[in-house]
Amino acid sequence: MRLSLEVQCCSAMPPDADEPMPATRGVHDLGGASGWGRVPYEPDEPPFHADWERRVFGLLGAVTSATARRPGEFRYALERLHPDDYFDNGYYGRWLAGFEVLLDEYGVFDLSDLALRVSARTEQALGDITRASPALRVAPVADRVSSMLPPDRPVPAPQRRTVRRDLAEPPRFSTGDRVVAPTPTQPGHTRLPGYVMDKPGTVAKLHPAEVLPDSTAHNRGERPQHVYCVGYDARTLWGDDAEPNATVYADLYECYLTAAQSD
Amino acid sequence: MHDDHGHGHHHGEHDHGRHAASSPGVRVEALEDLLVERGLADRERIDATIQRFEDDIGPMIGARLVAEAWADAGLRRRLLSEADAVVAEMDIRGAEIEHIEVKANEPGVHNVVVCTLCSCYPWALLGLPPNWYKSPEYRARVVREPRAVLAEMGLHLEADTELRVWDSSSETRFLVLPERPVGTEGWSVERLVELVTRDSMIGVAHAADPGGQ
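Line by line, the protein sequences are chains A and B. FYI, the numbering used here numbers position 110 of the first sequence as 143, with every residue one higher than the one before it. FYI, the numbering used here numbers position 196 of the second sequence as 668, with every residue one higher than the one before it.
Derived from the structure by calculation, the hints contain no laboratory data.
Straight-line C-alpha distance at most 27 Å; calculated BS3-like pairs for lysine-lysine:
id, chain 1, residue 1, chain 2, residue 2
1, B, Lys606, B, Lys575
2, A, Lys232, B, Lys606
3, A, Lys232, B, Lys575
4, B, Lys575, A, Lys238
Chain A side only, calculated, beta carbon under 7 Å to chain B, not exhaustive:
id, residue
5, Gly64
6, Leu147
7, Pro226
8, Asn278
9, Thr280
Yeah, the Cβ is synthetic: ideal placement off N, Cα and C, and Gly gets one too.
From just these sequences and the hints, can you work out the full model?
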């Protein structure tokens, strides 16, 4: 097993030219996207619909222990998937594709190891199986420039495994402050939903401070941040299409936010 | 600006066949075998994890919290202001409850929870999320047209009801405290628990009708 902490990229195929993806909105960043139909609602739906979904779920701990151990890293692997791998087999299909990507990127095993096993169970040719691997069409890990991240602030290590941190610095914003989160200037993992970018909102509440996934997912340190619950009037987000009397709240890390111009 | 990026149009267009991967069932079997052979996974632990989330960790944990809060005004106040302390006192532990916030539905106010960026969900309180919660349809639409989505799912809200949509974009997880159904005065916590559905704690349904009990 390769124990390098830097995730290696192995994308051998160019992304489809007919599927342009804005740099700041990945395949996963779905809030507000149009073109989606009825929610496939099933009251009292069970957590699994097939045994393979159970097996994928059961493997999460083993795979992430061997690969993506930092906060945000597994999510970022899913965000880099080709849209087919992200959508085609639902949530657990997305996890399975993410597992294959991570195990390959960390060098835990080779794509051909897996292809041999699959081939032994199916009539499929080895080459076809390998070519269909999510690891061959995953987007590479973006280069995250440390100087464009907020400074790291070492804090005492918590007693247990948690993303929460106690910050000595007071929060920059208070409840009621008007804030805006500009569109990020560098690609990579973020928890800033695209639909609130550049829109003014109001701080509704402070949450406990957390390590910054935009940094940890890229192995750039914890850089803990205050976290704010920011409320957005639906009309601010969706204009004339907005439903009346609705507010959408997103939880945003302090470094995403600047003071909004008064309006 | 952030134009729609048309994933919905992409979905379903798979006539090119270039990316026909093997079935996930075959792939996960192969992957599990490899991990087990290399000592990176243990089948008994995998089985135990699955069993725990199918049998032991589920909506009944959150339902108990809700029913207790319906029955005890003091607990309700604390659950709404310091849910982490209440959860700890009740010895509820596990994944995805680093910080819990409980949002109360009341006359004129309705709360609904989503995770637009992935599928964050309070596992230790509600178990694993249902498929619809993780679907692109729900994630894309419930922030943009919550009233329409809820109506499609069978929940019709008054036009003047204020809707609050909570997008779980940090490690905070949300639980909706549904309104206590009328006609349950004097009910024991044990009876009340039966009315608290998972979907009512996500905010896409009311608690069950006591008449149906």
